Structures are given as C-alpha cells and as structure tokens.
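> Please model the entire structure based on the sequences and the hints provided.
Here is what each chain is made of, one letter per residue.
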Amino acid sequence: MSSGSPAVDVETAELRPQPWRWGHPRVLVEHPDEAAGLAIASGLRFAGYAVSICPGPAGHGQCALLGPEGCAPAHDADLVVCGLGYERETAREILRELHTRYPKLPLLVETPPDMDDELRELLDGCAQLPAPATPEQVVASVQSLIGQGAEEGTSGA
Amino acid sequence: VRSPSDREGEAFRLVLLVIVALGLVVLAADLGSTLLAVAVLAAVLVAFALRATQLRRRRHQALPLKSAPPHVGPASARRVLLVANDLLNDDAVIGEVERMVFVTGTRVILLAPALISPAARLTGATDAPLEEARARVVEALVRLGRDLDVEGEISDSEPLEAVEDAVATFAVDEIVVCTRREQPPSGLEPRLAGLVRERFAVPVRHLVVEPGSEAREPDKGAADAVLR
Chain A
1 MSSGSPAVDV ETAELRPQPW RWGHPRVLVE HPDEAAGLAI ASGLRFAGYA VSICPGPAGH
61 GQCALLGPEG CAPAHDADLV VCGLGYERET AREILRELHT RYPKLPLLVE TPPDMDDELR
121 ELLDGCAQLP APATPEQVVA SVQSLIGQGA EEGTSGA
Chain B
1 VRSPSDREGE AFRLVLLVIV ALGLVVLAAD LGSTLLAVAV LAAVLVAFAL RATQLRRRRH
61 QALPLKSAPP HVGPASARRV LLVANDLLND DAVIGEVERM VFVTGTRVIL LAPALISPAA
121 RLTGATDAPL EEARARVVEA LVRLGRDLDV EGEISDSEPL EAVEDAVATF AVDEIVVCTR
181 REQPPSGLEP RLAGLVRERF AVPVRHLVVE PGSEAREPDK GAADAVLR
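Chains as they are written, first to last, in this note's numbering: chain A, 1 to 157; chain B, 1 to 228.
Simulated from the structure, these hints should not be mistaken for laboratory data. Incorrect hints may appear among the rest.
[Unchecked claim] To give a feel for the contact side, a few chain B residues facing chain A, derived at Cβ under 8 angstroms:
1. Lys-66
2. Ser-67
3. Ala-68
4. Pro-69
5. Pro-70
6. His-71
7. Ala-201
8. Pro-203
[To be verified] Partner residues aside, some chain A positions facing chain B, computed with beta carbon under 8 angstroms:
9. Arg-21
10. Trp-22
11. Leu-38
12. Ala-41
13. Arg-45
14. Phe-46
15. Gly-48
16. Tyr-49
17. Ala-50
18. Val-51
19. Ser-52
20. Ile-53
21. Cys-54
22. Pro-73
23. Gly-149
24. Ala-150
This structure is a prediction, so every number in the text was calculated from the model and none was measured. Think of the CB as a built atom: it goes at the ideal place given N, C-alpha and C, for glycine as much as any other residue.
Here it is, written out as structure tokens:
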C-alpha cells in the first residue's frame with residue numbers, strides 16, 4: 001500500500017473524465033514506445049477489444065494514478081497491459097498504485113529478464129509475460145485472462 | 001456546439017447556475033439600476049467564460065490517451081477514414097483513395113468537415129459551408145464511381161470532433177488526413193494530423209498535397225514519401 005494514496009473508495013468513485021467512448025471489453029495498454037503500443041493495440045482491436053494507450057509518466061508528466069483523482073481509463077478498464085519497463089522505480093510506483101487503487105483489475109505485466117525480490121513481490125497476483133512480448137502473445141494472454149473480445153471482432157490479430 | 005461539461009451532474013449544476021445568474025440580473029434590473037444589471041450580466045458572462053475555459057483545458061489535459069473501438073468485421077476487412085475538405089477532389093487524393101480501395105476488403109469513408117467560422121457557428125449560418133462540403137463529397141463519389149467501396153460523410157462539427165464521431169461510428173482501422181503544407185483560408189489545418197495522431201489508437205497518416213505537385217507524407221521517410 002502506498003503511503004501517498006488518498007483515502008477514497010476508488011471502486012465506487014465517479015472519476016472524470018469518462019474516457020471510454022466504447023463498450024466492454026476494454027483494455028488499457030501502458031507502453032512507453034509509441035510504435036510498440038500501437039502494434040499491441042492493433043492486435044487487441046482486431047481481437048474485439050476497445051483499447052486505450054498510455055505512454056506512462058514519461059509522456060505526460062505526472063501520472064494521473066499518483067494524483068488524487070486517479071486514472072479514469074484504468075478505473076473503467078477490464079484489464080491493463082503493463083509494459084512500462086519495471087526496472088525503473090517510476091514504473092514500479094505506477095504498478096503499485098494500480099494494485100492499491102484497483103485491486104480487482106487484472107494486470108498483465110511484461111517482466112524484465114532480471115527481477116529482484118521487490119519486483120517479484122510487486123508482481124504477486126499479476127499475469128506475466130517476458131518482455132518484449134509480441135502483440136500475438138499479448139492478445140493470447142488477454143483472451144485467457146478476460147475471455148474473447150466483442151463478437152464483431154475476430155480472433156485473428 | 002458541444003457542452004464543455006463531461007458529466008450530467010456538472011451540466012445540471014450549470015443549468016442551476018444559469019437560473020441563479022439570470023435571477024441576479026433580473027433582481028439588479030428590478031432594483032432600478034440598468035447599469036447595475038449590465039454590470040452583473042457582464043460579471044456572470046465572464047465567470048461562465050472562465051469556467052468553460054477551465055473545463056476545456058482540463059479535458060485537454062486529462063485526455064492525452066489514444067483510444068480506439070474494437071475492429072468490426074473479419075480480420076481481412078479494413079475501414080479507412082480519409083479526412084479532407086478543399087483537397088477532396090485533388091487528383092492526388094482521388095488517386096490515393098483508389099489505391100487504398102483496390103486492396104480487397106478495404107472500405108474508405110470520405111469525411112469532409114464543413115469549415116465553419118466561429119462567427120458562423122454563433123449566428124447559425126452553417127448552411128453554405130455544409131452545402132460546400134456536401135458538393136465536394138458528392139463530386140468525389142461521382143469521380144470514384146459506384147463500383148468502389150467508398151462512402152461519404154459531412155459534418156458540422158469542428159474537424160477533430162468530426163473525426164472523433166466518425167471513428168466512433170465506423171470503427172475505423174486507419175485514418176488519413178489530407179492538408180496543404182500551410183493552412184489556406186478554406187482548408188484544414190495541417191496540425192490536425194498531429195492532433196488526430198495524439199488521440200486515436202490507430203495508424204494515422206498525414207498526406208500533404210500541393211496543387212500541381214505530388215502528394216507527400218512528411219512523417220514518413222523520404223524514400224517512401226512519394227505516393228504517386
């Protein structure tokens with residue numbers, strides 16, 4: 001539990017803005033590399049999932065997860081693909097906040113080859129994929145965690 | 001015109017505030033001072049403008065994420081949204097549409113956001129720019145012929161909002177934004193492509209078209225920049 005977390009009921013809190021214009025299932029992809037994030041998102045879209053891509057704190061200054069309002073896309077997502085590079089402490093802090101604020105939210109984490117004890121502990125309860133994961137691997141993992149995407153989509157990524 | 005508010009609760013509070021503000025203006029006028037009523041009205045308008053600006057700024061700050069709806073249809077199907085206005089019937093743009101639509105399973109949606117000035121929006125004088133956009137779309141569809149899987153859309157929204165609506169409606173897989181290098185008086189802003197790229201989790205191409213010359217994609221490498 002992060003000591004900096006605000007005392008709010010994040011499960012029921014009404015967050016602004018409501019970023020998802022599309023229905024479930026929704027997957028939030030956290031990835032600092034624009035092309036890689038887009039490739040994963042494309043695979044997920046073709047598998048029937050609505051997607052959002054967040055480049056993490058490097059892209060937008062302070063991550064909304066670390067502020068009082070929380071992360072609206074994560075709040076309303078069905079799963080988060082975490083690929084921020086967990087060698088870095090800032091990425092670990094975000095993962096910690098996701099755990100704390102949204103304990104029921106499934107997390108699929110791209111893990112670095114060398115993991116220390118702190119990271120292993122942090123990954124407890126998360127689905128894992130060795131980094132760098134291909135879009136096909138991510139889609140297969142997402143499907144196994146939250147089921148198939150919307151009917152309009154197809155399984156071919 | 002879209003409400004700057006994102007939530008029902010906020011919109012409801014806005015209505016209440018409008019009623020209270022109008023009450024204050026009426027009260028000031030009733031007290032007998034027209035000057036006081038005008039001053040109250042001015043203060044209310046400034047307060048609303050500041051609040052609207054604050055909400056818009058927050059929305060822009062808080063929505064930096066790219067997003068996209070699920071793909072619709074079989075995996076081989078592609079829906080491409082081509083956004084253009086004054087360039088819609090340029091040979092380079094028509095050629096690009098033909099090139100895209102000849103790929104099996106590709107459907108192209110031509111989107112022409114009507115170029116409506118802020119003054120025209122305020123006065124509601126939107127018929128002429130809408131009719132202009134409609135004429136351009138119809139001309140492009142006629143040039144492309146009936147056999148191709150192409151359809152046209154016009155919009156009276158701001159260009160970025162028009163793209164947002166089209167993405168939601170058609171679940172597009174790719175977006176092509178056609179502009180000139182510099183914005184002409186009656187054309188789309190070149191920076192629209194960057195704004196679209198920031199907002200949607202689908203590939204976005206910026207096609208820069210100048211009359212009498214080849215279309216280029218400045219965001220791609222020089223080797224594959226020439227499209228025709």
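> Holds or violated: is there a CB of chain B closer than 8 angstroms to the CB of Ser-52 of chain A?
4 angstroms, holds
> Taking the least C-beta to C-beta distance, is Ala-201 of chain B closer than 8 angstroms to chain A?
Holds, because the Cβ-Cβ distance from Ala-201 of chain B to chain A comes to roughly 4 angstroms (cut-off 8 angstroms).
> Taking the closest Cβ pair, is Arg-45 of chain A under 8 angstroms from chain B?
5 angstroms, holds
> Taking the least C-beta to C-beta distance, is His-71 of chain B closer than 8 angstroms to chain A?
With a minimum Cβ separation of about 5 angstroms from chain A (threshold 8 angstroms), the hint on His-71 of chain B holds.
> Measuring from the C-beta of Pro-69 of chain B to each C-beta in chain A, is the shortest one below 8 angstroms?
Holds, because the Cβ-Cβ distance from Pro-69 of chain B to chain A comes to roughly 4 angstroms (cut-off 8 angstroms).
> Quick check on Trp-22 of chain A please, does its C-beta sit within 8 angstroms of some C-beta on chain B?
4 angstroms, holds
> At a threshold of 8 angstroms, is the proposed contact between Arg-21 of chain A and chain B supported by beta-carbon distances?
6 angstroms, holds
> Does the nearest C-beta of chain B fall within a distance shorter than 8 angstroms of the C-beta of Ala-150 of chain A?
At about 5 angstroms, which falls below the 8 angstroms cut-off, the nearest Cβ of chain B leaves the hint on Ala-150 of chain A intact, so it holds.
> For the hint on Pro-203 of chain B, just tell me whether its beta-carbon gets within less than 8 angstroms of chain A.
7 angstroms, holds
> Please verify that hint: Val-51 of chain A, Cβ, nearest Cβ of chain B, below 8 angstroms or not.
5 angstroms, holds
> Given a cut of 8 angstroms on the nearest C-beta pair, is the interface hint for Gly-149 of chain A held or broken against chain B?
Where the cut-off is 8 angstroms and the nearest Cβ of chain B is about 6 angstroms from Gly-149 of chain A, the hint holds.
> Hint validation: Ser-67 of chain B versus chain A, beta carbon distance must be below 8 angstroms. Holds or violated?
4 angstroms, holds
When held up to the earlier numbered hints, the structure conflicts with none and fits them all.
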